[in-house]
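What follows is each chain in one-letter form.
2 protein chains.
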Amino acid sequence: MESPDKNNCSRLQRLFVEADLASGKAFPADKDQANYLLNVLRLKAGANVAVFNGRHGEWLAQVEIAGKRSCALCVVRQIREQTGPGDIWYLFAPLKQARLDYMVQKAVEMGVSALVPVFTQHTQANRLNDQRMQSNAIEAVEQCGGLNLPEIREAQKLEAVLERWPAERQLVFCDETAAGDDPLHRLKELAGKPMAVLIGPEGGFSSAERERLNRLPFVTPIGLGPRILRADTAAVAALAIVQAVAGDWQNGR
Amino acid sequence: MESPDKNNCSRLQRLFVEADLASGKAFPADKDQANYLLNVLRLKAGANVAVFNGRHGEWLAQVEIAGKRSCALCVVRQIREQTGPGDIWYLFAPLKQARLDYMVQKAVEMGVSALVPVFTQHTQANRLNDQRMQSNAIEAVEQCGGLNLPEIREAQKLEAVLERWPAERQLVFCDETAAGDDPLHRLKELAGKPMAVLIGPEGGFSSAERERLNRLPFVTPIGLGPRILRADTAAVAALAIVQAVAGDWQNGR
Chain A
1 MESPDKNNCS RLQRLFVEAD LASGKAFPAD KDQANYLLNV LRLKAGANVA VFNGRHGEWL
61 AQVEIAGKRS CALCVVRQIR EQTGPGDIWY LFAPLKQARL DYMVQKAVEM GVSALVPVFT
121 QHTQANRLND QRMQSNAIEA VEQCGGLNLP EIREAQKLEA VLERWPAERQ LVFCDETAAG
181 DDPLHRLKEL AGKPMAVLIG PEGGFSSAER ERLNRLPFVT PIGLGPRILR ADTAAVAALA
241 IVQAVAGDWQ NGR
Chain G
1001 MESPDKNNCS RLQRLFVEAD LASGKAFPAD KDQANYLLNV LRLKAGANVA VFNGRHGEWL
1061 AQVEIAGKRS CALCVVRQIR EQTGPGDIWY LFAPLKQARL DYMVQKAVEM GVSALVPVFT
1121 QHTQANRLND QRMQSNAIEA VEQCGGLNLP EIREAQKLEA VLERWPAERQ LVFCDETAAG
1181 DDPLHRLKEL AGKPMAVLIG PEGGFSSAER ERLNRLPFVT PIGLGPRILR ADTAAVAALA
1241 IVQAVAGDWQ NGR
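Protein chains in written order, with my numbering: chain A, 1 to 253; chain G, 1001 to 1253.
So here's chain A without its partners, still in its complex pose (with noise of 0.2 Å):
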């Protein structure tokens, strides 16, 4: 679904950075982007690309070359205003390398605030690569379009997690076993409502943690159909009626 017209400056290459961002300003590309820029996309100096930090909008930016490996990026004009993040915190179970990573770029894209891993009693993975994490969560920001990074939490179980919740915070626990009920009635009671949305590991939850999700009064369990998706498209599916039902698929763009 990528369009060219997609906004007046999708064209350009966009880059997520740390510098504060106004007109006139100028700081220096870190070493992969100035890499990136000068040797992967051959920029010459003058060329136009999107800078992003989270804080202040997006603005267009010129190369400006500072030698064979480094360059300085100037902040020209402002292309998009900052919008707020939404507020929908992601909790899932780590999966193995390829899939985590195609997971973080889903959710990502899925526009949610918060990445929270959590170990679950059947989640296979144990170890997590937060600078990875934070690569694909970067690389899918700079592709979607977003203007916020989502953050990147520690990895915790799932029990600490619960033990520590914001009761204002409502927890939509993605259940098989519920797949009985509507899931867009029971997302309706929650809009307006600070979220966060709970996908399990390969190997389901268990019966305890069932028990356990259902007995907090912040959780609310729903179904995603009758067939058994894969934890990656649980993650989206859920994400997609979460955002249509109470996100930002209603605000436009």
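Don't read these hints as lab results, they were simulated from the structure. One or more hints might be untrue.
[Said to hold, decoys possible] Partial selection, computed: residues in chain G whose CB lies under 7 Å from chain A:
id, residue
1, VAL1017
2, CYS1144
3, PRO1183
4, PRO1221
5, GLY1225
6, LEU1229
7, ASP1248
Where a beta carbon is used, it is the ideal one built from N, C-alpha and C, also for glycine.
Put chain G on the given structure of chain A with help from the hints.
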């Protein structure tokens, strides 16, 4: 989300077969399935598997070893009644192979009844491996617990498909430029009708294609939020809201 207690027999290997299924029937497993059962899963004579053919529901069957590379499947008893396929065609622009494999698997998990590859103006892939799509679809329907293998249509130009369109079937056109609208509201009006979902290529639709589609009486454009979704993300997202509003996600299991 795969759960061991998903249904009483979900620990069983599921096999899609061509043969008619009824108690007491026996038939030879095809070469690949026999090899998988005997040399990959190392099943012994009398081992249980689940078989389904899209017509007679799902049945418990036992492996009868006929040789090192061949076995028969003896049908014991029905595990699940046949359910009709949903009636959602999935129209998609072919992607490069890896993402196409992925997208076919996802569409099957999401319960489409037909896979309809369409060439659009910005479609990059120009050849399609039907056999590979078929294998991906079979693998996905075996894995997701579905009972129906989607029909895989021959790839055609979008224009040709639209010219022969059955008037009563509603085509949900996923149009990134329609992002401002409420997709759920639009889909509710289609509930109960035969449906189809059209996802564009990574290059998006051309303005000419957009105008053409929006002029057709059976087309309903919907947006998928403010971010640019990759085609495979858009497929799962769009099918999720269609199934949730107007499909089989409300029927339970």
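These are the hints, each one checked on the structure:
Interface hint status for VAL1017 of chain G: violated, as the beta-carbon distance to the closest one in chain A is roughly 19 Å, over 7 Å. Hint status for CYS1144 of chain G: holds, given a least beta-carbon distance of 4 Å to chain A, under 7 Å. Checking PRO1183 of chain G against chain A: minimum C-beta separation of about 6 Å stays under 7 Å; hint holds. For PRO1221 of chain G, the interface hint is violated, the least distance from its beta-carbon to any beta-carbon of chain A being 13 Å, above 7 Å.
Evaluation of the GLY1225 of chain G hint against chain A yields a held restraint, the C-beta minimum of about 4 Å falling below 7 Å. Proximity of LEU1229 of chain G to chain A holds as hinted, the smallest CB-CB distance being about 5 Å (cut-off 7 Å). For ASP1248 of chain G, the suggested interface contact is upheld, since its CB lies about 6 Å from the closest CB of chain A, less than 7 Å.
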